[in-house]
Amino acid sequence: MTLPYGPVVLEHFRRPRNQRVLDKPTASHEAFNPLCGDRVRIELEMEGATIRAAAFTANACAICTASASLLTTRVTGLSTDDAARISDAEVIHALETTVPQAREACAVLPLRALRAALRGEGA
Amino acid sequence: MPDILEQLATLREHETRVAMATLIAARGGSPRPLGAKLFVGEGGRLLGSVSIGGCVDARVVEHGERLLKENRAERVTVIVDDAEAVELGLACGAEFDLLIEPISLNGTDSAIEAYRSAINISRSGREAFVVTRIPAAGPPARMVTSEPFTATGPDVFVERIAAAETLLLVGASDVGAALARLARGLGMRVVVVDGRERYATRDRFATADEILVGMPSELARPYFKAGAYVVLAAHEYKYDLPILREVLRAPVRYVGMLAGRKRAEAVRALLREEGLSEEDLGRLHAPIGIDIGGREPEEVALSIAAQLIAVREGKPIARRG
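First to last, the protein sequences are chains A and B.
Last residue of the first sequence: 1096 in our numbering, with the numbers rising by one and none dropped.
Last residue of the second sequence: 975 in our numbering, with the numbers rising by one and none dropped.
Simulated from the structure, these hints should not be mistaken for laboratory data.
One thing to keep in mind: the hints can contain errors.
Claimed, not checked - Listing some non-contacts, in silico: residues in chain A with all C-beta distances to chain B over 10 Å:
#  : residue
1  : P980
2  : R987
3  : E1003
4  : P1007
5  : L1008
6  : R1014
7  : T1023
8  : A1031
9  : A1033
10 : L1051
11 : S1052
12 : S1060
13 : P1073
14 : Q1074
15 : A1089
16 : L1091
Claimed, not checked - Short derived list, chain A residues pointing at chain B, Cβ under 8 Å:
#  : residue
17 : F1005
18 : G1010
19 : D1011
20 : T1030
Positions of the beta carbon are idealized from the N, C-alpha and C atoms, including for glycine.
Using the sequences plus the hints, can you model the full thing?
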């Protein structure tokens, strides 16, 4: 399977990091795109204000899956304040490819889930 | 086997009483299995059949109308002589025994309640037995059990309602909707899974037993059981891949995926890289269905349903992938 989105997306889609279920997450949120059907759930294990572990489950496209892989890697060890400050542009930039405007929603879906989890919005 | 409850629901729209004819014995061969039913409505409507020959069913209709008027049950024998048998396409004459009884569609009827109970057992994944005792005079009496039951004499008729097979349909596409309708008609229990609530709706899947919206790979997992049929009808690798990684190693009876040859091979190549064995991958039917050439959703669904029947019946099928 070839993907037009470059080596970073391909690597993190084929060998996603942190794609697992945490035993006892302290926060989690599942975000979805109602039309394309992407679904991603971010789970966090926090110790005080620090994210000790971040994991995800996704039934999602390559861009979304790669984004979740990169995002969970990045936020592990971060403070919740720093994680909450990650911007859409940073997440898209991390994919190291040109994300068409129509697919930006896929790239930032994991970030939406992360923000909601940090706000304590379960589901 | 047609769902008797659905047949009765259809009749209830126009009829208040029907005669239910059940084929309880056949000598000389029968084109329909024992237990086949023909309903004769008081208002004239007919549903179902106990034979494929119009002449046999016609005689049963006459008996049904008579017994409705007399408001009583009777064991009836219909004899087909050789001339009729030839006309019917039967090799020789045959005799059919039928139990014909009046059924009330308004309120509670013990026969309907017995079948409702048996079908509920079947839909929970177990086989059920409807045991009908046929007295010389008076109405038949029924009991339902999930334990295997053998008839103890000519006045006892036992119908085995097989455990409903589960069709797990991942992807609430148009093909999925058409397949759900067909599968329900085949007596299957249909479970629809999708991540999109605007697609997986009761409007689109009116006859589905369950409609589940959420993370498809997680919702589907409890159905990866022996005997299940799994059809991936989303045509979306985002759903196909997470499910195939698990279901191809599960003891399900059938896995098929909506895909052209090129896409199917790409999916296989990716799963092969991830460590699935050739044996695992060999279980995947992709492209799915029997090649009958259709492209419309109903046509594709029909080709898939035909493949499901062939697998169920143990018939060799021409694999397309």
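* **Numbers of the earlier hints that this structure fails to satisfy, in rising order** => 2, 3, 4, 5, 6, 8 and 9
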